[in-house]
Amino acid sequence: MGTQGEASSAAVGTAPGLTVSPLPGLDGVRAAGEIGLATRGTWQRALEQAVRVDGDVHVDMSGVSFVDVDGARVLADAAGRLPEGRRLVLHRPPATLRRVLEMFWPDQPAIEVSKS
Numbered sequence: 192m193g194t195q196g197e198a199s200s201a202a203v204g205t206a207p208g209l210t211v212s213p214l215p216g217l218d219g220v221r222a223a224g225e226i227g228l229a230t231r232g233t234w235q236r237a238l239e240q241a242v243r244v245d246g247d248v249h250v251d252m253s254g255v256s257f258v259d260v261d262g263a264r265v266l267a268d269a270a271g272r273l274p275e276g277r278r279l280v281l282h283r284p285p286a287t288l289r290r291v292l293e294m295f296w297p298d299q300p301a302i303e304v305s306k307s
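Here the sequence shown stands for residues 192 to 307, numbered as in our numbering.
Calculated from the structure, these hints are not laboratory results.
Some clues are possibly wrong.
Stated by the list, open to error - The calculated lysine to aspartate or glutamate pairs, modelled on DMTMM-like cross-linking and capped at a C-alpha distance of 25 Å, are:
#, residue 1, residue 2
1, LYS306, GLU275
2, LYS306, ASP259
3, LYS306, GLU225
4, LYS306, ASP245
5, LYS306, ASP247
6, LYS306, GLU293
7, LYS306, ASP268
Remember, predicted model here, so these are calculated numbers, not experimental data.
Could you put together the complete structure from these sequences and hints?
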């Protein structure tokens with residue numbers, strides 16, 4: 192199984208408009224740019240790799256300016272693949288993403304929006 196940093200080092204992707212890189216010190220990724228039709232494949236591959244770790248998966252979204260509804264669905268699907276008790280922790284997601292998640296996936300317990 193994965194250890195801290197193991198899966199995150201593999202979860203790297205770039206598409207015009209989106210860069211996804213390892214998150215230093217935590218299992219997860221840092222995303223920057225826009226998540227939409229043109230970048231969805233990169234986003235999906237990065238999350239599929241990131242959820243392979245044993246613990247919680249952290250996603251720093253402070254550099255993300257836009258996430259379309261299908262990008263939010265990809266996030267919810269990745270969280271849904273986590274075993275019970277594990278979380279996908281979103282750090283500083285766009286406010287619109289929070290609203291979309293609350294509207295379409297209100298009962299997804301594996302997604303947590305960090306207050307920090």
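Quick rundown of the hints versus the structure:
no.	hint	verdict
1	LYS306 to GLU275	holds (22 Å)
2	LYS306 to ASP259	holds (22 Å)
3	LYS306 to GLU225	holds (22 Å)
4	LYS306 to ASP245	holds (23 Å)
5	LYS306 to ASP247	holds (16 Å)
6	LYS306 to GLU293	holds (16 Å)
7	LYS306 to ASP268	holds (22 Å)
Every hint from the earlier list agrees with this structure, and none is contradicted.
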